[in-house]
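Student: Sequence:
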Amino acid sequence: LHTLDSCRIEKAFRHFGHDITDEDNVLEAGLGFAVKTSKAGFIGRDAVLRKKEAGLSRRLVQFRLKDPQPLLFHNEAILRDGRIVGPITSGNYGHHLGGAIGLGYVPCEGESEADVLGSSYEVEIAGERFAAEASLKPMYDPKAERVKM
1 LHTLDSCRIE KAFRHFGHDI TDEDNVLEAG LGFAVKTSKA GFIGRDAVLR
51 KKEAGLSRRL VQFRLKDPQP LLFHNEAILR DGRIVGPITS GNYGHHLGGA
101 IGLGYVPCEG ESEADVLGSS YEVEIAGERF AAEASLKPMY DPKAERVKM
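The opening residue of the sequence shown carries number 1 in our numbering; numbering runs sequentially from there.
By construction, these hints were calculated from the structure, which means they are not laboratory data.
Take every hint as true, because none was put in to throw you off.
Okay, derived cross-link-like pairs now, DSS-like style, lysine-lysine, Cα gap no bigger than 27 Å in a straight line:
| # | residue 1 | residue 2 |
| --- | --- | --- |
| 1 | K137 | K66 |
| 2 | K36 | K52 |
| 3 | K143 | K11 |
| 4 | K66 | K11 |
| 5 | K39 | K51 |
| 6 | K36 | K143 |
| 7 | K143 | K52 |
| 8 | K51 | K143 |
| 9 | K51 | K36 |
None of these values were measured; they are calculated from a predicted model.
Model the full structure from these sequences, guided by the hints.
Tutor: What follows is the structure, given as structure tokens:
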């Protein structure tokens, strides 16, 4: 099961119950591509349109620790520009990426994607902070070319 979990996190696939719940917004979870707001009459359409117009208050971000030694499991603190902003929702070792990987929500009210990615990120593990790179797209196979093989 850890292998499957590792692969899904590398590909930034969400896990219902860990990364997304029925209380999360599809746009904040990075799943807006799966919702066709041009199609009328589906439950939640109005809420998606309202959120799209109002802007996102947070985003699900993928992280990879720059140091390949530590491991992530879940619930480790995410620090953005030195301030704790939330927990890792899913974590594991990314064998294709060569380091610990995780997903977690980052506040972003009134910010662009570039603002979110332009910040400095760390993840705290057992009281020690580790530098992390952040991405809004899957770090492994971002264009889904390997999946289509």
